[in-house]
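> Please build the complete structure, drawing on both the sequences and the hints.
At the far end of the sequence shown sits residue 225, using UniProt numbering, and the numbering has no gaps.
The set of hints was computed from the structure by calculation and includes no laboratory data.
Since the structure is predicted, the reported quantities are computational estimates derived from the model, not experimental observations.
Possibly wrong hints are sitting among the right ones.
Said to hold, decoys possible - Here are the simulated distance ranges between beta carbons:
| hint | residue 1 | residue 2 | range |
| --- | --- | --- | --- |
| 1 | 7 | 117 | 38 to 48 angstroms |
| 2 | 17 | 112 | 44 to 54 angstroms |
| 3 | 20 | 138 | 13 to 23 angstroms |
| 4 | 48 | 84 | 20 to 30 angstroms |
Glycine included, every Cβ here is placed at the ideal spot set by N, Cα and C.
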Amino acid sequence: YSTKLYHGHVLDLANKELDYLFVPRFASRKKREVGCPKFVALADILKYTKKDLPPIIGPYYSTSREKHGFWRLTKIIFEIGFKFTKNPFRIIRAAILSLRAHRRAHDELIISEETLKKWERSEILLNDAPTNNNGEEVLKVALVGHNYVLNDDYASLGVRKKLQKLGVDLITSQQMPRNLIERQLLRLSMIDFGLEMSEPEKLPLKELEKYLVGRNDYLYFEFEH
Numbered sequence: 001y002s003t004k005l006y007h008g009h010v011l012d013l014a015n016k017e018l019d020y021l022f023v024p025r026f027a028s029r030k031k032r033e034v035g036c037p038k039f040v041a042l043a044d045i046l047k048y049t050k051k052d053l054p055p056i057i058g059p060y061y062s063t064s065r066e067k068h069g070f071w072r073l074t075k076i077i078f079e080i081g082f083k084f085t086k087n088p089f090r091i092i093r094a095a096i097l098s099l100r101a102h103r104r105a106h107d108e109l110i111i112s113e114e115t116l117k118k119w120e121r122s123e124i125l126l127n128d129a130p131t132n133n134n135g136e137e138v139l140k141v142a143l144v145g146h147n148y149v150l151n152d153d154y155a156s157l158g159v160r161k162k163l164q165k166l167g168v169d170l171i172t173s174q175q176m177p178r179n180l181i182e183r184q185l186l187r188l189s190m191i192d193f194g195l196e197m198s199e200p201e202k203l204p205l206k207e208l209e210k211y212l213v214g215r216n217d218y219l220y221f222e223f224e225h
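Written out as structure tokens, the structure reads:
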């Protein structure tokens, strides 16, 4: 569903006389983590299946790959930046401003466990205030789903606004504390035939790496340790 929406959006943009399409390929954000293959491959799929598209800027970056660190990211920034300006200082300034904006948005979005408890006790609101509750006790709902669906009124059929009109106090899965999510992930079996081996959380790190970590991007899994 998400990729169908993406392709439709790209086809719509293709008719607007654009200079470039920016379709970055982030294969992983952490050493033992893998991104969704359908998103990693989007730039290539668009390039080879759609005609008459603007040039695609599709840099590839994967934290799980060797030599994909600070200097790799810096190289990508300058390769893209030089498409728009020959001034390296403008590129550096744009990169710094983008990084600051990203960190600020991340810090504002993801809450702490203490903030979550305050929300559970109805001491604070995390999103727009619910309406039409008529003085009754406010119903709290965790809205779970992919961020690109929940934050898109078209894709989600406006579910957030509808729930708020019904007097519901929302929290989204995107806002949940990361450490809380990672602790719960340890309870899951991350490979097929998981019952044929010890539970992941009971294995030492070296054993986990033996079972689950390979040099191929698509064999990486992350465990808290």
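> It remains to establish, for every hint, whether it holds in the given structure.
Against the structure, the hints:
Checked against the given bound of 38 to 48 angstroms, the beta carbons of residue 7 and residue 117, roughly 42 angstroms apart, stay inside it. The given range of 44 to 54 angstroms is respected by residue 17 and residue 112, whose C-beta atoms sit roughly 45 angstroms from each other. Checked against the hint of 13 to 23 angstroms, the C-beta distance between residue 20 and residue 138 comes to roughly 46 angstroms, which is inconsistent with it. Separation of residue 48 from residue 84 is about 25 angstroms and conforms to the stated range, judged on CB atoms against 20 to 30 angstroms.
In the structure shown, a violation is registered for the earlier hint numbered 3 alone.
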